[in-house]
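Got chain U sorted already, so can you dock chain H onto it with the hints?
Taken in sequence, the protein lines are chains U and H. Sequential numbering of the first sequence, starting at 1, is according to my numbering. Sequential numbering of the second sequence, starting at 1, is according to my numbering.
For the record, the hints were derived by calculation from the structure and aren't laboratory data. Check before you lean on any hint, since a few could be wrong.
[Claimed, not checked] Which chain U residues face chain H? A few, computed with CB under 8 angstroms, are given here: (1) 53; (2) 60; (3) 92; (4) 258.
[What the hints assert, rightly or not] The calculated BS3-like cross-link candidates involving lysine-lysine, where the alpha carbons are at most 30 angstroms apart (straight line), are: (5) H/307 / H/155; (6) U/226 / H/3; (7) U/117 / H/117; (8) U/179 / U/117; (9) U/268 / H/226; (10) H/179 / H/360; (11) U/268 / H/3; (12) H/2 / H/360.
All C-beta atoms in this analysis are idealised placements derived from N, C-alpha and C, irrespective of residue type, glycine included.
Here are the chains, one letter per residue:
Number of protein chains: 2
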Amino acid sequence: MKKVAIVGVGQTKFGKRSDASIREIAFEAFKEAVEDAGIMRGEIDASIVCSATHYDKQRTPAGVIAEYLGLNPQPTFNVEAICASSGVGLRNAWALISSGLHDIVAIIGFQKMTELKSDEVQDVMCRAGDVMWESPFGPTMPAYFAMYANAHMNKYGTKEEQLAKVAVKNHFYGAKNPKAMFQKEVTVQDVLKSRPIASPLKQFDCCANSDGAACLILTSEDKARKITDTPVWIAGLGLGSSPMSLTGRGTDLTSFGCAVEAAKQAYKMAGITATDVDVAEVHDCFTITEIINYEDLGFCPRGQGGKFVEEEQTYIGGKFPVNVDGGLLAKGHPVGATGASQIRTLVQQLRGEAGETQVKGAEIALAHNLGGIGMYCAVTILRR
Amino acid sequence: MKKVAIVGVGQTKFGKRSDASIREIAFEAFKEAVEDAGIMRGEIDASIVCSATHYDKQRTPAGVIAEYLGLNPQPTFNVEAICASSGVGLRNAWALISSGLHDIVAIIGFQKMTELKSDEVQDVMCRAGDVMWESPFGPTMPAYFAMYANAHMNKYGTKEEQLAKVAVKNHFYGAKNPKAMFQKEVTVQDVLKSRPIASPLKQFDCCANSDGAACLILTSEDKARKITDTPVWIAGLGLGSSPMSLTGRGTDLTSFGCAVEAAKQAYKMAGITATDVDVAEVHDCFTITEIINYEDLGFCPRGQGGKFVEEEQTYIGGKFPVNVDGGLLAKGHPVGATGASQIRTLVQQLRGEAGETQVKGAEIALAHNLGGIGMYCAVTILRR
Chain U
1 MKKVAIVGVG QTKFGKRSDA SIREIAFEAF KEAVEDAGIM RGEIDASIVC
51 SATHYDKQRT PAGVIAEYLG LNPQPTFNVE AICASSGVGL RNAWALISSG
101 LHDIVAIIGF QKMTELKSDE VQDVMCRAGD VMWESPFGPT MPAYFAMYAN
151 AHMNKYGTKE EQLAKVAVKN HFYGAKNPKA MFQKEVTVQD VLKSRPIASP
201 LKQFDCCANS DGAACLILTS EDKARKITDT PVWIAGLGLG SSPMSLTGRG
251 TDLTSFGCAV EAAKQAYKMA GITATDVDVA EVHDCFTITE IINYEDLGFC
301 PRGQGGKFVE EEQTYIGGKF PVNVDGGLLA KGHPVGATGA SQIRTLVQQL
351 RGEAGETQVK GAEIALAHNL GGIGMYCAVT ILRR
Chain H
1 MKKVAIVGVG QTKFGKRSDA SIREIAFEAF KEAVEDAGIM RGEIDASIVC
51 SATHYDKQRT PAGVIAEYLG LNPQPTFNVE AICASSGVGL RNAWALISSG
101 LHDIVAIIGF QKMTELKSDE VQDVMCRAGD VMWESPFGPT MPAYFAMYAN
151 AHMNKYGTKE EQLAKVAVKN HFYGAKNPKA MFQKEVTVQD VLKSRPIASP
201 LKQFDCCANS DGAACLILTS EDKARKITDT PVWIAGLGLG SSPMSLTGRG
251 TDLTSFGCAV EAAKQAYKMA GITATDVDVA EVHDCFTITE IINYEDLGFC
301 PRGQGGKFVE EEQTYIGGKF PVNVDGGLLA KGHPVGATGA SQIRTLVQQL
351 RGEAGETQVK GAEIALAHNL GGIGMYCAVT ILRR
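Looking at chain U on its own, in the form it has when it is part of the complex:
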C-alpha cells in the first residue's frame, strides 16, 4: 500500500459561533490548514466534507462549502458517520490517495449545533438511534451512555468519583488549549455536584453541543517529501461497526464492539500493539466513554479503566497520555469536526509543536473516534 501523509492541519475555536455560517467556519479551518501545509488552494485534487446531518437546514453541505472555498470543479462529496464523520472521511481520503487516484486531498469536518433550541437538538440526536424500534421510546444520548455507565459500575465496581476524574483531567488540559470551548479547570467535587442529566451522569460528565470546524491536508508520499520536512504518516486505519440498536448488542453494555474491531484492524496495519502508543485522543463524549475506550484500546485491562484514570495514568507522565487537548468534554464536540480535530492535535504532538502539553519524544499517536451510540468507530494510528 502506498504511504499517505498529513501535511497540514487547521481548526477554528470550538464553542458558540453565532458569528459565522457553516461555510465561514469551514473556511477558517481550511485557510489555517492550507497555510500550515504551505500549498496553494489550486493544488488540491479533491475535498471530502464530513458532518452529521439535520443540525441545520442545509442539505449536502459539500456543495456550498466547495463553492465558498473555491474548490470547484474538483471532486467533492459528503461522508457521514455521525460523531465519527471526519475519522471516516480521513480513511476515505487515505484510500483515494493510496490507490493513486489523487495526490492532495482536503478533509473538512464541521458542525453548527448551538443554533437549534435544546429540545430540537434532543430530537435530532435521538434520531441517530433506530427510529423504528428505539428512539420513539425516548432514550436521549446521555440516557444511552448512562446505561453503559451503570453496566460498568455494576460489573466492575467503577465509581462516580472515577468518572469525575476523567472530566477533571480533560478540563485541566482544556484550560491550556486556546481553541477549547471551556478553558477552566474543575474539581471532582464540581463534577459530582453538577446538575444530574441521566443517572449516574451529571453535567460535567457530558460534552456540550458546540460549533466548529477542523481541516486536514493529506498527500501522497512524493508530494509530502516536496512540501514539508515534518510529514506525519498514516500508519494504521481501522473502522468497525456495531448494531445500532442496544437490543442487537446483547446484554453486556461495558464495551463498544466497533471500537475493539477498529483497534484490532489499526494495530495490525501499523504493526504495533497498544503499548507502542505514545499519545492518544479518544472519544470522550461522556466520562464513561473514555473509561471504556481505555479498555477497548488495550491501554489497561478490562474493568480497570476507572482505576487507571484514578491513578492518573492518562495524564502526561502516566502510561498513556490521553486527550491532552481537553478532549470532547472541554474542547467541545461539534460532531463532524471532532475526528479531524483529534488528528490535528496528534499531528502537532508528533511534530513537537504542542507547547505546554507536549508529550516529549512522541513518535506514535492514536485517534479513536466513535459514532453515534457506538455503532461506528474509526481508529487511526499516526507515526512521525
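Leaving out everything else, chain H in the frame of chain U:
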C-alpha cells in the same frame, strides 16, 4: 492502479413501496446482489450506504442497514452527494479496494421518498440548493432545470417537441423493464399535453419521487477471477463539482461544468473517447438534462442534443443507445439508489443479459450520475 471488478448487482422494483421500510428495501437489493455474485454475506469486508438525507426521520442509515443486513462488525458508513450518492459511493469503494485495504465491498443505495407529503418533499428538495442565498427565494427543482431548458432553447433553438422525445424514448424502454416505476409508453402529444410544472417543463418532462434500492458487489481482481467468469471492470472514474449557487455558474446555463469535468477525467483514466462508448445510462432527472448530458459527454456537438434525440440516435440501433432501462423518467428516481441502478443496468448489458433491450456486442459502457442542481457529477466507465 489495481483493477476492480463488479461481480454482483441487485435492485428492488422502483415505485411506491409503502409495504417496506428502508432496511427492508436495502435487504431486497442486497440479497439479489449477493446471490448474483454467488458469495456469502460473511465474505464482505465493508459496506457503503449511499442516500440523500432528510427524506425520512432516520439519520445515519448505515447504522440500521448494516445491522439488518448482518454486516457488523465490518466497516460501514454513509456517502452522500444527493442524486449522485451511489455513483460517488462506487468511486469510494473502488479506492478502498484498489488501495489494497479491502477485497470485497458492497454498495447499497436507497431512498424512500413517497411517504412525505408533496409540500414536505418540495421543502426537502429545495434545501439541496443554497439555503442562505437561494432556496429561501423559492426555486423548486423543476424551476432550476426549467432555467436550463429555457437557456438551451434560447441559445440553440431546442424545441419542446425535442424535449418530449426524450420522455417518449425512455418510457418506450421503461415499458420493457419489469423493475421500472412506469411501464407504459407515451407519445410526444402525451408529453406536450401533460400538466405544466415549470415552463417549458411539463409532467412527463420530470421524473417522479420514488422508493427503491440498488446494490453492487465490488471486488479486487484476484477475488473476481475466483468468483465469476463474467467480471465487469471499472475502467474509468470521474467526479466533478460545480458551484451550488446558480449565481456562481455564470450566465450560460446550457451545460453542467461538473459533468464536463467528470467525463474528461473518466475518459482519460479509461483511455477512451466518447465514440468508444457502446451503451450509456445518463441522469435524465428532466428531459432537458438528458439533452445537455449528450453534449457534456461528447455524444453529439454542443447545441445538437435536441436534434440528436429527434433523429433517434440514442435508441438502440442509433449512435449511442442511452437509458435503455427507462432512465430516471420511466424507471423512477429514488435518489440514493439511482447511481447503483444505472451501473446494474450496464453490468447486465456488458454480460449480455439484457434480453429484449440488449445492445448487441456491447463492450464499453458509461454511467453519468448528476447530483442536486448539478453541483456533483460522477461518470463511470465499465468494460467487459
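So, going through the hints one by one against the coordinates:
1. A cut of 8 angstroms between beta carbons decides the hint on residue 53 of chain U: the least distance to chain H is about 4 angstroms, and the hint holds.
2. Against a cut-off of 8 angstroms between C-beta atoms, the interface hint on residue 60 of chain U holds, since the closest Cβ of chain H lies about 5 angstroms away.
3. Checking residue 92 of chain U against chain H: minimum C-beta separation of about 6 angstroms stays under 8 angstroms; hint holds.
4. For residue 258 of chain U, the interface hint holds, the least distance from its beta-carbon to any beta-carbon of chain H being 6 angstroms, beneath 8 angstroms.
5. With a C-alpha separation of about 14 angstroms, the suggested pairing of residue 307 of chain H with residue 155 of chain H holds against the 30 angstroms cut-off.
6. The hinted pair formed by residue 226 of chain U and residue 3 of chain H meets the criterion: a straight-line CA distance of about 29 angstroms does not exceed 30 angstroms.
7. Straight-line distance between C-alpha atoms of residue 117 of chain U and residue 117 of chain H comes to about 25 angstroms, which keeps the hinted pair within the 30 angstroms bound.
8. A threshold of 30 angstroms between alpha carbons decides the hint, and for residue 179 of chain U with residue 117 of chain U the separation of about 24 angstroms falls inside it, so the pair holds.
9. With a C-alpha separation of about 26 angstroms, the suggested pair residue 268 of chain U and residue 226 of chain H falls inside the 30 angstroms cut-off, and the hint holds.
10. Our distance criterion of 30 angstroms between C-alpha atoms is met by residue 179 of chain H and residue 360 of chain H, whose separation comes to about 22 angstroms.
11. Restraint check for residue 268 of chain U and residue 3 of chain H: the C-alpha separation of about 25 angstroms stays at or below 30 angstroms, so the hint holds.
12. The suggested pairing of residue 2 of chain H with residue 360 of chain H holds, with an alpha-carbon distance near 29 angstroms, which does not exceed 30 angstroms.
Violated hints are absent here; each numbered hint is respected by the structure.
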